[in-house]
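Protein sequence lines, in the order shown, are assigned to chains A and B. Okay, so the first sequence: first residue is 0 according to numbering that gives the first Met the number 0, each after it adds one. Okay, so the second sequence: first residue is 0 according to numbering that gives the first Met the number 0, each after it adds one.
Hints in this document: simulated from the structure, not taken from any laboratory. Watch out, some of these pointers could steer you wrong.
[Stated by the list, open to error] In silico BS3-like links for lysine-lysine, alpha-carbon gap of 30 Å or less: (1) 8/B to 67/A; (2) 301/A to 67/A; (3) 259/A to 31/A; (4) 31/A to 301/A; (5) 259/A to 8/B; (6) 67/A to 259/A; (7) 31/A to 63/B.
In this text the structure is predicted, and so the values were computed from the model without any measurement.
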Amino acid sequence: METMEKNGYINSSNGARTGTYTVKAGLAQMLKGGVIMDVVTPEQARIAEEAGACAVMALERVPADIRKEGGVSRMSDPQVIRAIKEAVTIPVMAKARIGHFVEAQILEALGIDYIDESEVLTPADENNHIDKHNFTVPFVCGCRNLGEALRRIAEGAAMIRTKGEAGTGNVVEAVRHARSVLGEVRRISTMSADERYAYARDIQAPVELVNETATLGRLPVVNFAAGGVATPADAALMMQLGLDGVFVGSGIFKSGAPAKRAHAIVQAVTHFNDAEVLAEVSEDLGEPMVGINLDTLSEPEKMAHRGW
Amino acid sequence: MRRADQLGKLDGLIIPGGESTTMGLVAERWGLVNPLRRWVSQGRPVWGTCAGLILLADRATGQKRDGQPLLGGLNVSVDRNFFGSQRDSFEAELEVAGWDAPSPAVFIRAPAVIETGPDVEVLAEWTDPDGNAVQVAVRQSHILGTAFHPELSGDLRWHRLFLNMVEAGAATQVNRSGP
């Protein structure tokens, strides 16, 4: 018998507490230094697992196809998610629309390991994100700056990623967002307590989280790169900038030799500081995904603006 | 520790949590599997938590389809994902053999030891709501295995236990090289 508590659930027979924030943020800790790959079929999930992915993101369409095909993009068919879950033993993540707490409830019922409340899908609420404290399953959310990251953590996100610009194969926006978050963390670490009140107000984030971040000298949760990573060098770049791991979306299965590229990106994230290893794994990977230059995308076409 | 040549500088080795398939594949790719096996078989101190426990086990069930490389050395059978998906991850207070106060433990998609060899000492068990007991902390001479994450709960008694093992191991090493 489980009863709901303020922080998760407690089992009356053995005292086990599930869905606590420690447990939610703890899984993200275990993914650190790893690569999470977008997959649309069980076969792709197996390729990702064999390449050494630390988790997969189960999707109906990768962001590059969502971008190309247009229309409203929603949570994937549970059948697709179940099939992918059955194919692998590593954690499986799935995406819900921003603010769509019922899609999140469905994903939780499917036994998904992590939910990405994602700007890649069409938002369901233009004011509110999901109240993530209400769930046993942990959430990862995207951000462009420190204020956005801390707002998501206040709502219960147990992991953060940069938004970047998904489905473009262009790492420039992920770099922009990583530099912004990490630079702001460095700045608040040198601020006095009174300056942090004003700063918290300016970036619209709770002052408690601003103070916690300043004391830690980093975000209080694991922080991954996402949105436009296409090569082993891109992945190592994000690691050297100071992120904890990498999501690769369209970059792998929209390239010429997915298995080889997936493998190479995993090795690049493990050995991100070793240029000789990076040179070795970058060799002969075939065609990368074509990629989009961001100055050819109009502002409404950019997904990173979704989320508030 | 990312390369085999770094092993020589160590007195003890901790194989932490993470994805055991990922860790196994990366170790294989960079030729770490045999040096690590040698480390364990030479009696050097090693502690595996969660995924690390799986890698140290002689036998593991619930592996990915083509299996995964294990280091072995610890005479136990491990069920790789005994406790289920992330929804079933939990925190609990564990009774540990010989300790006064229970140990706070964090289990994340955790494995469990379902069978132990005669030379394996069970340090802690966990009973599920149906009353089934499994082993979650074990020791076999220089090898320590925990299914949970002392690095997340901050119970330093586990770290102290391992440091004592490392000190004892270093003493034996000195004796071995002595006259």
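So, going through the hints one by one against the coordinates:
no. : hint          : verdict
1   : 8/B to 67/A   : violated, 53 Å
2   : 301/A to 67/A : holds, 13 Å
3   : 259/A to 31/A : holds, 22 Å
4   : 31/A to 301/A : holds, 28 Å
5   : 259/A to 8/B  : violated, 33 Å
6   : 67/A to 259/A : holds, 25 Å
7   : 31/A to 63/B  : holds, 20 Å
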